[in-house]
Amino acid sequence: MDVLLTEEQKMLKDLCRQIAREKIKPVAAEYDEKEEFPWPIVKILADSDIMGVYIPEQYGGMGGGTFELAIATEELSWGCGGIALAFAATGLGTFPILLFGNEEQKKKYLTKIAKGTIAAFCITEAEAGSDAGSIKTTAVKDGNHYVLNGTKQWITNGGEADIYTVIAMTDKTKGARGATAFIVEKGTKGLDFGKKEKKLGIRGSATREVVFTDCKVPKENVLAREGMGFIAAMKTFDYSRPGVAAQALGIAQRALDEAVSYSHERKQFGQSISSFQGIQFMMADMAIQVEAARALVYQAARIIDAGAKDISKISAMAKTFASDVAMKVTTDAVQILGGYGYMREYPVEKLMRDAKITQIYEGTNQIQRTIIAASLIKELKKK
Amino acid sequence: MDIVVCIKQVPNTTQVKINPETNTLMREGVECVINPFDTYAIEEGIRLREKMGGKVTVLTMGPPQAEEALREAIALGCDDAVLLTDRKFAGSDTWATSYVLSRAIKKIGKFDIVICGKQASDGDTAQVGPGISTHLDIPQVTYVKKVESIDKNNARVERMTEEGFEIIDTPLPCVFTVVKEINEPRLPSLKGKMRAKKAEIAKWNAENLNCDFDKIGLDGSPTRVVKIFTPPPRQGGVMLTGDVSDIVDKLVSELKNEF
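Protein chains in written order, with our numbering: chain A, 177 to 559; chain B, 3 to 261.
Warning: the hint list may mix true and false statements.
Stated by the list, open to error - Interface residues of chain B toward chain A, partial, derived using beta-carbon atoms under 7 Å:
hint, residue
1, 90
2, 189
3, 192
In short, the hints are calculated from the structure, not lab data. Idealized CB from N, CA, C, for every residue including glycine.
Just need the whole structure built from these sequences, with the hints factored in.
Laid out in structure tokens, this is it:
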């Protein structure tokens with residue numbers, strides 16, 4: 177696929193590949209084991225200009241789009257799906273500012289993010305997951321401020337990020353139309369961090385409660401305007417889902433690479449197991465799926481960058497397909513490595529653990545399918 | 003602070019092929035990289051510039067394809083690059099090479115420090131850095147593992163020795179050759195890579211450099227490589243078994259046959 181990339185995209189891909197191979201891969205197992213946040217890798221990504229790859233040049237970024245975000249996420253996730261999240265989930269936290277921020281907000285926050293400041297997106301709560309409309313966190317206007325109260329759950333980069341984009345209810349009576357998006361800076365009084373989650377996979381990524389207790393946020397930090405929170409969140413997900421898809425793709429590619437190389441080395445019955453047709457068929461199917469996922473992810477990102485209006489369907493398709501492929505391919509990789517695959521000494525069991533979340537977060541694959549179906553029905557009505 | 007870093011493009015393999023007629027390295031068709039030791043020189047140059055200001059100019063002498071190594075150096079953060087390339091340079095030994103490099107450094111004019119890797123991974127001579135210092139008639143410190151302090155006129159460095167290290171004060175300008183303990187080279191940045199792609203690489207030949215033609219190329223090289231070869235692996239010996247007296251008899255007769 178590299179032949180289809182522009183010179184700049186190739187440079188980006190090569191550089192991210194180099195970082196993944198030389199800097200991330202060697203430490204991935206250690207971060208997985210210790211469940212620590214990969215600050216040294218964030219520093220490398222910032223120094224290499226990767227953190228600002230999707231941020232416009234006037235804010236100090238590289239001026240790339242969803243496609244550039246996707247290829248960077250794919251390559252970094254090849255090294256470690258958890259560590260790559262420091263970058264990719266910052267993208268998620270940044271999209272509300274990119275899409276809905278005013279000039280002042282963009283200048284203030286995007287320039288920091290381009291330099292390596294971590295961001296986080298706070299929408300999920302204990303009782304508001306797929307049903308984002310049932311958010312309980314409130315924001316009450318008080319003069320020049322809003323006062324936030326509530327607890328956000330499972331926030332990727334929580335506690336580590338300096339910039340939080342938060343969805344809270346400004347008018348509960350209006351349901352989803354009563355939600356508003358805010359930018360909250362770390363260090364704001366009343367912003368605290370709760371429980372650090374222990375997870376199945378992506379353990380090199382921080383997942384934490386973000387707690388607001390009478391947290392006073394200046395009214396300049398409202399994104400768009402009151403009542404736009406739900407729309408901001410949905411639009412953000414439309415743009416960020418190809419990122420999750422790319423994360424899944426990177427994990428799947430790694431699983432394929434590990435399986436192929438192991439099958440070539442592993443000898444049973446006096447020959448490499450790669451000479452057995454049973455293994456060959458598995459590897460061929462894995463490769464077909466990975467390549468098909470890549471085609472769909474790249475296609476979705478290109479459609480978004482071309483400025484298409486209705487991107488929910490293609491974005492959901494890419495996320496669903498690539499994450500399902502990642503789960504399938506990583507499971508097959510564990511199978512091909514057999515007993516070794518099940519052991520932590522080899523990298524594939526981690527890939528399988530890391531892959532699972534991509535089917536769940538930023539909208540479960542079931543929710544994605546309802547988005548896709550809703551689009552299909554809407555399109556039919558237009559005909 | 004104006005810094006010159008001299009690098010070499012080397013084959014990315016330990017399997018260096020030798021031209022059997024000229025006994026020089028055959029570089030065509032082999033993937034090439036910056037000599038690993040030179041990556042530490044580049045990093046140290048960039049770090050000194052970050053600390054002291056000024057600029058880093060990277061030099062290499064080699065065939066036209068060596069331009070790639072210079073672009074890589076720019077991607078890492080070097081400001082300028084010059085390729086010293088001329089058919090007349092072909093076959094230069096370490097003395098002739100360091101002469102050409104010293105001519106280029108003279109042409110650049112303003113410099114405080116020249117940094118080289120301690121040696122190249124293909125030739126392994128470790129002579130070019132000291133050669134440059136001799137041609138320029140300035141001090142040299144080889145095997146530098148740490149720049150302790152530096153100002154406009156002087157530097158204090160740690161120099162690695164087999165037993166430990168020495169601390170050396172030197173006036174500037176000076177040539178340093180560095181060892182891998184000195185730093186951890188950074189990765190390129192995206193902006194650096196883009197700058198490298200567009201960068202103009204100056205190309206200087208023997209004439210531009212005002213080289214004395216008797217001092218360059220194969221003819222200008224005092225070293226004559228008579229032969230380079232890989233010693234044949236040791237053959238397995240013959241074990242003699244039996245009584246001591248039998249063995250002695252066998253051994254004596256074998257030796258008589260052989261010699």
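Cross-check of the supplied hints:
1. Restraint check, residue 90(B) versus chain A: the minimum CB separation of about 34 Å is more than 7 Å; hint violated.
2. Given the 7 Å rule on beta carbons, the hint for residue 189(B) holds: about 6 Å separates it from the nearest Cβ of chain A.
3. Because the smallest distance between the Cβ of residue 192(B) and any Cβ of chain A comes to about 4 Å, under 7 Å, the interface hint for this residue holds.
The structure does not agree with numbered hint 1 stated previously, though it agrees with all others.
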